[in-house]
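**Q** Sequence:
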Amino acid sequence: MLIRLKVKGFKNLANVDVSFGPFTCIAGANGVGKSNLFDAITFLSALADRPLTEAAKAIRDDRNRSTDVRSLFLKHGDEHLGEMSFEAEMLVPSTGNDDLGQTAEASITFLRYALTLSYHRDGDGSSAERLEVKSEQLDRINIGDAPSHLLFPRNTTWLKSVVHGRRAGQFLSTEGEGGDRHIKLHQDGRKGRAREVLAATLPRTVLSSTNALDSPTALLARREMQSWRLLQLEPSSLRNSDSFNAPVHIGSDGSHLAATLHHLARQEEANGNGRHRTPSVYAKVANRLSSLVENVREVKVDEDRQRELYTLQVVGQDRSLHAARALSDGTLRFLALAILEHDPGAQGLLCFEEPENGIHPERISSMLNILRDLCVNTEDAVSDENPMRQVIVNTHSPAVVGLIDDDDLLIAEPHEVIVQNDRCRAVSYRWLANTWRHKGFSEIPTVSRGSLSAYLNPFAFSDDADEESFQLASNLSRKRPRVKDRKDLNMMLGFMANE
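Just remember that my numbering sits 188 ahead of the position in the sequence shown, which is counted from 1.
Be a bit skeptical, because a hint or two may be false.
Here are the simulated lysine to aspartate or glutamate pairs, DMTMM-like style, with alpha carbons at most 20 angstroms apart [what the hints assert, rightly or not]:
#1 LYS472 <-> GLU363
#2 LYS372 <-> ASP402
#3 LYS348 <-> ASP572
#4 LYS322 <-> ASP287
#5 LYS245 <-> ASP310
#6 LYS194 <-> ASP333
#7 LYS472 <-> ASP492
#8 LYS472 <-> GLU486
#9 LYS348 <-> GLU567
#10 LYS472 <-> GLU456
#11 LYS322 <-> GLU363
#12 LYS196 <-> GLU601
#13 LYS627 <-> GLU573
#14 LYS322 <-> GLU275
#15 LYS372 <-> ASP327
#16 LYS472 <-> ASP327
#17 LYS196 <-> GLU271
#18 LYS263 <-> GLU601
#19 LYS245 <-> GLU363
#20 LYS472 <-> ASP572
#21 LYS194 <-> GLU275
#22 LYS194 <-> ASP205
#23 LYS372 <-> ASP441
Label-pair ranges, simulated between beta-carbon atoms [claimed, not checked]:
#24 ALA621 <-> GLN501: 48 to 58 angstroms
#25 GLU573 <-> PRO602: 39 to 49 angstroms
#26 SER636 <-> LEU288: 51 to 61 angstroms
#27 ALA511 <-> GLY332: 53 to 63 angstroms
#28 ILE606 <-> ASN285: 19 to 29 angstroms
#29 ASN557 <-> ASN285: 33 to 43 angstroms
#30 ALA569 <-> GLU496: 50 to 60 angstroms
#31 ALA621 <-> ASN645: 11 to 21 angstroms
#32 ASN557 <-> HIS437: 17 to 27 angstroms
Simulated from the structure, these hints should not be mistaken for lab results.
Given the structure is predicted, the values throughout are model-derived calculations rather than measurements.
No residue lacks a Cβ here, since even glycine has one placed at the ideal position from N, Cα and C.
Generate the whole structure from the sequences, applying the supplied hints.
**A** In structure tokens, the structure reads:
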């Protein structure tokens with residue numbers, strides 16, 4: 189679980205410090221940089237899994253194309269900064285496996301990871317560009333200090349189930365200067381010398397190469413970061429059938445719904461919980477879907493043994509059968525989230541952009557409810573019934589913002605900074621007064637009541653130019669009727685129309 193993230197010099201995140209709870213909604217106008225925070229999170233996730241340059245190229249631009257390495261650095265004037273840094277506080281799993289299937293157990297589960305990268309272009313006349321690790325650190329956060337870091341509402345039962353371990357030293361550290369900088373991978377719970385590697389020649393972070401034998405705690409930090417992903421539910425992927433040997437977890441694009449649900453049903457039967465003819469996971473998913481979408485009686489998976497294909501099917505109240513390919517985009521998105529909700533193996537952080545897209549306005553509240561329900565319940569101990577799952581969404585929709593709990597809302601606002609004597613357009617993230625973030629960071633200004641009111645009710649803040657444009661459009665005669673001018677809606681919307 190990502191608790192706190194500090195970013196400097198990445199895209200337009202000049203100097204960002206954000207704390208997260210189980211559920212967070214980031215609201216802001218288009219183009220302000222909401223998605224750049226998601227990019228920073230997924231970049232860290234990729235760095236825990238891939239070589240440096242591959243991780244950089246995995247970040248997509250606004251047109252969904254691979255970016256060049258240079259464009260990831262903060263731009264000031266016509267130049268880019270040459271350095272970016274990240275610091276992440278996180279709760280990691282207590283156990284896990286490395287790439288060879290060996291079991292690892294964390295010395296302590298509350299950690300802080302810090303990474304600084306610099307930009308280099310080869311000096312041989314080629315256009316090759318690369319990233320270099322300037323420093324990398326992994327430290328413990330003491331158990332006694334956990335309450336002062338975990339500021340969101342939670343009880344002691346949950347806290348004890350996720351924060352535990354023993355005293356430990358550093359797991360990763362950096363020593364030396366310039367071309368003589370070395371990253372040290374310290375022995376974890378064993379005596380012996382730390383393993384040192386030269387920073388300048390590293391093709392990947394040291395964290396991304398850890399294993400269960402030498403560095404179990406660092407490995408579990410790596411596993412936690414690998415579980416941070418951007419969920420982009422693509423209709424074509426949601427509709428596809430799955431082969432019998434397909435992965436049994438939902439992909440970041442929404443693929444493998446049928447294989448995942450079938451696997452959950454078989455697991456239930458293997459655990460002795462499938463005594464009834466229909467595994468209860470099918471009924472649970474159907475019940476959840478029926479609370480979101482009308483005319484749902486049953487959800488099931490068809491097994492085509494001849495073609496070795498699984499196909500997701502929904503049975504209507506009239507017993508009509510609908511394969512996934514015939515369902516609407518909105519229904520498929522709800523279905524994917526309903527299956528995720530009942531998959532205890534689907535853990536980690538899910539970033540979800542604009543959940544209102546493709547959803548009827550009347551269903552936005554239902555969409556937000558299921559996204560909240562996906563998150564870990566911090567009133568109960570973590571278990572298969574309460575998996576360690578976190579959700580961050582972003583939106584520009586006032587309809588979404590108006591339904592978000594005060595504690596869960598962050599507002600992304602444009603922010604001007606001076607970088608090397610250049611004015612630079614950056615983004616800042618602020619929160620509401622009298623929320624847990626405000627209590628923990630009382631020195632930071634909160635979102636003003638006026639700016640939030642303008643965001644929630646933009647019609648009430650129309651300027652004179654807007655009125656003039658309507659007058660001109662009607663040749664200075666009577667204005668064409670607009671939705672916002674309807675008197676029967678004024679009380680419902682909470683504002684009086686301009687006369």
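**Q** Could you tell me which of the numbered hints above are not met by this structure, giving the numbers in increasing order?
**A** Hints 1, 4, 7, 13, 16, 19, 23, 28 and 30 not satisfied by this model.
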